[in-house]
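Number of protein chains: 2
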Amino acid sequence: MYHSLLKPDLQQMLIETDHSGVSEFCDVLHPAVTAEVLEGFEVVEILEVLNSCELLKQVQILEFLPLPLQLSLVEDLERNDRKRLSRWLEEMSSDDRVDLLSRLSDEQVEGLLPLIAQAERNDIRKLLSFPEESAGAIMTTEYALLPENITVRDALEKLRKQAPDRETIYYVYVIDDGRHLLGFVSLRDLILAKPETVLTELMKRDVISVRVDDDQEFVAGEMQKYNFIAIPVVDNQNRLVGIVTHDDAMDVLEEEATEDAHMAGAVAPLEDSYLETPLFTLLHKRGIWLGILSSAAVATAAMLRQYESVSEAYTWMILFLPLVLASGGNAGSQSATLIIRFLAVDDQQTQSPHLRLARRELIMGLTLGTFLALIGFSFGWMFVGKVEGIVVAVTVAMVVTLGTCSGAMLPILFRKFGMDPALMSNPLIAAIVDILGVVIYYSVAILLLGRVEPG
Amino acid sequence: MYHSLLKPDLQQMLIETDHSGVSEFCDVLHPAVTAEVLEGFEVVEILEVLNSCELLKQVQILEFLPLPLQLSLVEDLERNDRKRLSRWLEEMSSDDRVDLLSRLSDEQVEGLLPLIAQAERNDIRKLLSFPEESAGAIMTTEYALLPENITVRDALEKLRKQAPDRETIYYVYVIDDGRHLLGFVSLRDLILAKPETVLTELMKRDVISVRVDDDQEFVAGEMQKYNFIAIPVVDNQNRLVGIVTHDDAMDVLEEEATEDAHMAGAVAPLEDSYLETPLFTLLHKRGIWLGILSSAAVATAAMLRQYESVSEAYTWMILFLPLVLASGGNAGSQSATLIIRFLAVDDQQTQSPHLRLARRELIMGLTLGTFLALIGFSFGWMFVGKVEGIVVAVTVAMVVTLGTCSGAMLPILFRKFGMDPALMSNPLIAAIVDILGVVIYYSVAILLLGRVEPG
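Top to bottom, those sequences are chains A and B.
Residue 253 in the working numbering sits at position 253 of the first sequence, with consecutive numbering throughout.
Residue 42 in the working numbering sits at position 42 of the second sequence, with consecutive numbering throughout.
This is chain A alone, in the form it adopts within the complex (with noise of 0.2 Å):
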């Protein structure tokens, strides 16, 4: 929208070198406008706008660049201004600090370390280790703590002094001395409390929380479930060890939905956003998967080639090989997308209700078949002749039950097994019953239509 205009004005500013005007340029914007438009420039301009600013609202800009840029310019100042580079990973959040350092080589991260003043370099080497996809790898490490013995006036106070670093103090963590967490209140709740009460008066002890090791998608899900602003992340100690925020949550969820949507189309999930993704990269993520769906084609072939003696008598058969496979994987695909997204969403925790949704499936491929086959017969009759027609009826009915039941079981399985349920592609469920449709097709060919000698 409007930052069509906002990009020829920095420029303009920056022909001028008119410092003070890109400094107000920065003040005035969300610096998530300015990270937009800040976009299109090249790496130098960057670092010179960023340079005309105070160092909160630099690192404010950079927080809202996208990694790939971020890294970029982490590499431009590591050549030529170590200095620079060491002020912005001090004062940057401890979350997107950590996002940002797993994209670099552990000798990278080394090396920079040592710019880094010492509690920052134990919190950023804790939060390295956490596994990619678990809480610990998106929380951050700069809550609002109270202790509980305190009234609600001081806790005002001390929470003043918090304010300045801490993500949030909207949620404010009750924790004894060895950090356990004892109970939560909210600033809602301190606000509207009477200044002389106690905390333990006033804080929930039935605390919802989530473990370090639990996985990110989980906990994206708590959050939506509760409507929480943030969630505290625990040990398996239940000493508060972090929190994950309302925003990081919503990243998640749309990482999650994105991963997912690119494994229905059968792509290996991309670490950044289409466009950012390298070419050989997405070749080799889209390659893997065609490479073994035509592996599965080879083997419909190898299939067909068992039954080239009813080929070759029945040859009206190729008419209708496309819509008999394409029905069962068509069917199959609206199956396992509704599995999937169900399994993903509704039923993160409870043991899902296999027999009832196997029950839906197999009506569902039984009416759908029966639609199906009705027009296959249609056409098959009128292209071919009556018998011809039936054949064809059959096998899309029997096709279409089989793709139904398999695309609704095996992600199911899959998630039995340990394995992520959205493996099971559109495109490979459509490979499983391209073969075992074949199989159907001719088998029922032979019954209708008689057996043929091998040649």
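It is worth saying that the hints were derived from the structure and are not from the lab.
It cannot be assumed that every hint is accurate.
Copies of the same chain are indistinguishable here, so a pair counts whether it falls within one copy or spans any two.
Listed next, the in silico SDA-like pairs over lysine to any residue satisfying Cα-Cα at most 25 Å (straight line) [stated by the list, open to error]: (1) Lys-204 x Ser-186; (2) Lys-158 x Ser-186; (3) Lys-158 x Val-198; (4) Lys-158 x Val-185; (5) Lys-161 x Lys-204; (6) Lys-225 x Thr-277; (7) Lys-386 x Ala-299; (8) Lys-126 x Gly-111; (9) Lys-158 x Leu-181; (10) Lys-158 x Pro-195; (11) Lys-225 x Leu-67; (12) Lys-194 x Glu-54; (13) Lys-225 x Val-185; (14) Lys-204 x Ala-163.
Since the structure of chain A is already known, use the hints to place chain B on it.
Relative to the frame of chain A, chain B by itself:
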């Protein structure tokens, strides 16, 4: 997890009509947890449980129940306890209330409105009037408001009064007498500021807001971009009419992702979750697409009929028909998946770089096509012969390139014409590529193996 233990507990209390036990149960647990436990209960049991709690708690739990269950409860109360229903509707938060009422028929709503106080009634009528997918349909009218010329001390005092029935008080909006949005201040800033500071000095004036008729997906995207807890919604004269909060934005993101996933699998989007959708509705949502796809398959059959004499001369061609068609369909599904997700997530506002996309996809199509052509050639040669292998290879290369380009460009075209790019489902791409694939396969065969005289 531990809900499996809670359910029998609660059921036991119901059997023993232990009202105080039930009430304590609901007080201790988060309303979302109670709601989850209640999901497995009968409507009369749920009403009995809620009956033991105080009104505010009843409504909190109600709001966490799935919509179809909320509807069953409302319909029961409509017949048996209109007074309680009236209290519920008055106490519910404005956005959840409208979500519920929008599922009822106009007559039902008109029947319920007299149960509600006049002010709330106007609020409901206004919110119900916004289109389903708009910001207006998910916003709440319970936001915190301040005039501009007061001190921070007075502001906090006013906020304390507003807090109990506002969805959030962490972001506070500043308006003039005509309700025009002037600025915004966070509770964090208020807490940090000196009590005598005047709000005009503290508030941010470059407020990022959305319009009441903006699409929900855009609203959620803006909140995600700026990491907002809430975003103000204004009318076309910049008058504040509501706010959308982070939890609703998260729900929108997830709903849109589910809708896109379903469309990618050729299922018309569902309103409720898979298990909550009646079988008949599912059959309808799937049947429509299967019907369309079958018609496309019939077109493929008709096309194959044009080449009947070629099929009869080169009977081996049937072996590689599934492989040829699947290669194109799979490559096309991949491209469509990548582009649709890119358009949905990364490219909501900006003019997308179509030329760059087209060039990338063309290169990918040619590279992947060459790779798959090699597989096709090997097995064509192995199963039939060298020239036949070349026919398969040339076809695969062309079909994959065509599939990739159409998979990438059709979603973009769809959007150009104001349609949802996600309509370009994987099976639809495959169906389109099938028809063209047949033409290419036979044309290449005729070209390389010689024309066959008809009949």
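task: Classify it for me, Lys-386 with Ala-299: is the Cα-Cα distance of at most 25 Å met within a copy, between copies, both or neither?
output: between (31 Å within a copy, 19 Å between copies)
task: Could you place Lys-158 and Val-198 in one of the four classes (within, between, both, neither) given a Cα distance threshold of 25 Å?
output: both (14 Å within a copy, 23 Å between copies)
field: Intra- versus inter-copy proximity for Lys-204 and Lys-161 (alpha-carbon distance at most 25 Å)
entry: both (23 Å within a copy, 22 Å between copies)
message: Please sort Lys-204 with Ser-186 into within, between, both or neither, judging by C-alpha distance up to 25 Å.
response: Both. Shortest intra-copy (9 Å) and inter-copy (24 Å) distances satisfy the 25 Å Cα cut-off.
Alpha-carbon proximity context of Lys-126 and Gly-111, limit 25 Å: Classified as within; 17 Å inside a copy, 60 Å across copies.
- request: First find the shortest C-alpha distance between Lys-158 and Leu-181 inside one copy, then the shortest across copies, and answer within, between, both or neither for a cut-off of 25 Å.
  value: Classified as within: same-chain Cα gap 18 Å, cross-chain 33 Å, threshold 25 Å.
- prompt: Given identical chains, is Lys-158 near Ser-186, meaning Cα to Cα at most 25 Å, within a copy, between copies, both, or neither?
  reply: Answer is both; intra-copy 14 Å and inter-copy 18 Å each pass.
- prompt: How would you classify Lys-194 and Glu-54 at a CA-CA limit of 25 Å: within, between, both, or neither?
  reply: between (39 Å within a copy, 23 Å between copies)
query: Between Lys-225 and Thr-277, at a C-alpha cutoff of 25 Å, which is it: within one copy, between copies, both, or neither?
result: Between. Shortest inter-copy distance 20 Å satisfies the 25 Å Cα cut-off; intra-copy 33 Å does not.
message: Reference check for the pair Lys-158 and Val-185, CA-CA at most 25 Å: within, between, both, or neither?
response: Cα proximity of Lys-158 and Val-185: in one copy and across copies (14 Å, 21 Å).
message: I want to check one pair: Lys-204 and Ala-163. Are their C-alpha atoms no more than 25 Å apart within a copy, between two copies, both, or neither?
response: both (21 Å within a copy, 18 Å between copies)
task: Indicate which option fits the pair Lys-225, Val-185 if close means a Cα-Cα distance not exceeding 25 Å: within, between, both or neither.
output: This pair counts as within: shortest intra-copy Cα distance 19 Å, inter-copy 28 Å.
Checked against the numbered hints given earlier, this structure breaks none of them.
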